[in-house]
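Protein sequences appear in the order of chains A and B. Residue numbering for the first sequence follows the working numbering, beginning at 1 and increasing consecutively. Residue numbering for the second sequence follows the working numbering, beginning at 1 and increasing consecutively.
Take the hints with a grain of salt, since some may be wrong.
As the list claims (entries may be wrong) - Cβ pair distances, simulated, as ranges:
1) Gly53(A) with Val88(B): 27 to 37 Å
2) Ser149(B) with Glu93(A): 52 to 62 Å
3) Arg86(A) with Ile6(B): 50 to 60 Å
4) Gly126(B) with Asp92(A): 17 to 27 Å
5) Val64(A) with Leu138(B): 34 to 44 Å
6) Leu94(A) with Ser149(B): 24 to 34 Å
7) Ser149(B) with Asp92(A): 28 to 38 Å
8) Gly112(B) with Glu96(A): 21 to 31 Å
As the list claims (entries may be wrong) - Just so you have them, the derived chain A footprint on chain B, three or more residues with Cβ under 8 Å:
9) 32-39
10) 101-111
Everything labelled a hint here was simulated from the structure, so no lab data went into it. Here the structure is a predicted model, which means the values were calculated and not measured. No residue lacks a Cβ here, since even glycine has one placed at the ideal position from N, Cα and C.
Residues per chain, in single letters:
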Amino acid sequence: MAIGWYLVVSAIVFCVGAGGVLVRRNPLVVLLCLELMLNGANLTLVAFARMWGNQSGQIFALIVMVVAACEVTVGLGLVVAIYRRRLPIDVDELNELQG
Amino acid sequence: MVFTAILFFIAAIGAISGAIGVVMLRNPFYSVLALAFHLVSLAALFLLLRAEFVAAAQVIVYAGAVMVLYVFVVAYIGGGEQLTSGGVLRVLGPLFALALAIELCIAMLGAGLAGVNSKGAPFIPGFGTPAHIGALFLTTYLYPFEIASILLLAAAVGAVVLARRRRGLEPDEEIELRVKAPRPAYTGTMAEAAGIRPAGGDELLTPEVEPVGSSGAERTGSGHEGGW
Chain A
1 MAIGWYLVVS
11 AIVFCVGAGG
21 VLVRRNPLVV
31 LLCLELMLNG
41 ANLTLVAFAR
51 MWGNQSGQIF
61 ALIVMVVAAC
71 EVTVGLGLVV
81 AIYRRRLPID
91 VDELNELQG
Chain B
1 MVFTAILFFI
11 AAIGAISGAI
21 GVVMLRNPFY
31 SVLALAFHLV
41 SLAALFLLLR
51 AEFVAAAQVI
61 VYAGAVMVLY
71 VFVVAYIGGG
81 EQLTSGGVLR
91 VLGPLFALAL
101 AIELCIAMLG
111 AGLAGVNSKG
121 APFIPGFGTP
131 AHIGALFLTT
141 YLYPFEIASI
151 LLLAAAVGAV
161 VLARRRRGLE
171 PDEEIELRVK
181 APRPAYTGTM
191 AEAAGIRPAG
201 GDELLTPEVE
211 PVGSSGAERT
221 GSGHEGGW
């Protein structure tokens, strides 16, 4: 398969994730959609690594996975903290940073 | 070649449908399952791109560890009512996503890169294997590797700090519960020994035995032999 096909798939996955971030209100699902966007970018990186025959793109994809794991950990910690404080789990209502 | 194409289309359809499932499904638990499916399909795409190590890490780290974390948090929090965003964003969000997809496809396919229409560079033996990736990580990319480990440590500490139970920010139910729990009188608690009954015990205190330490002289006078 030509590399272009992979790029199209990654573009679609990225845009589905971006649409989900805009549409969904549950912070858990927003985090899931962020994962989708990161995975779309990962697929692009790996596809370009294949295109150039250079493994640096795969290294970049692995680092992106590390960053995504960190983001998920902190994000889920925030969601649990929100739940503990009996706040609504809804990104439309969580619009203040004050404690 | 036909076999590769069939595998590609199966994996691509799986990845896209999993992604759509994450966004469309109402129950967050099903969204997490759809994301796991999407990740496994994406790992198949990585394998087709000869990125063995990335595919293995994707399945183990993402579809394994991160999904377990998600499932735990979804089970802890519960589904709740799942509504999509009201009003403007509900219409504009999908439109924006569609416009972005079209624009990205035009930008990438119309970029004029000769490699986009090719099948990629000629295959090097060992491309994408753990040996090559590990050699790169420990030579050329040593600095990002170390920064990634520090980042993971910081994230782990941050998650513990964020998700722990705080005193003072929330009503401390546990302590109130412990103080107000009804207990039968004179069951030998430390509070009784100090002459304090815990609050909330509604039953009247009619002691058959004087609480220790309330009046020491009286206790010794009442013929309380063999005491402590």
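Checked hints:
Gly53(A) and Val88(B) have their C-beta atoms about 46 Å apart, which leaves the hinted 27 to 37 Å range violated. At roughly 37 Å, the beta-carbon separation of Ser149(B) and Glu93(A) lies outside the given 52 to 62 Å, and the hint is violated. For Arg86(A) paired with Ile6(B), a C-beta distance near 51 Å keeps the hint of 50 to 60 Å intact. Distance hint for Gly126(B) and Asp92(A): a CB-CB separation of about 50 Å, inconsistent with the stated range 17 to 27 Å.
At about 19 Å, the CB distance of Val64(A) to Leu138(B) disagrees with the hint of 34 to 44 Å. Range check, Leu94(A) to Ser149(B): Cβ separation about 32 Å, and the 24 to 34 Å hint holds. For Ser149(B) paired with Asp92(A), a C-beta distance near 37 Å keeps the hint of 28 to 38 Å intact. A C-beta distance of roughly 48 Å is found between Gly112(B) and Glu96(A), which places it outside the suggested range of 21 to 31 Å.
Restraint check on the region 32-39 of chain B versus chain A: 4 residues with Cβ-Cβ distances below 8 Å, three needed, restraint holds. Given as covered by chain A, the region 101-111 of chain B passes the check, having 5 residues with a CB less than 8 Å from a CB of that chain where 3 are the minimum.
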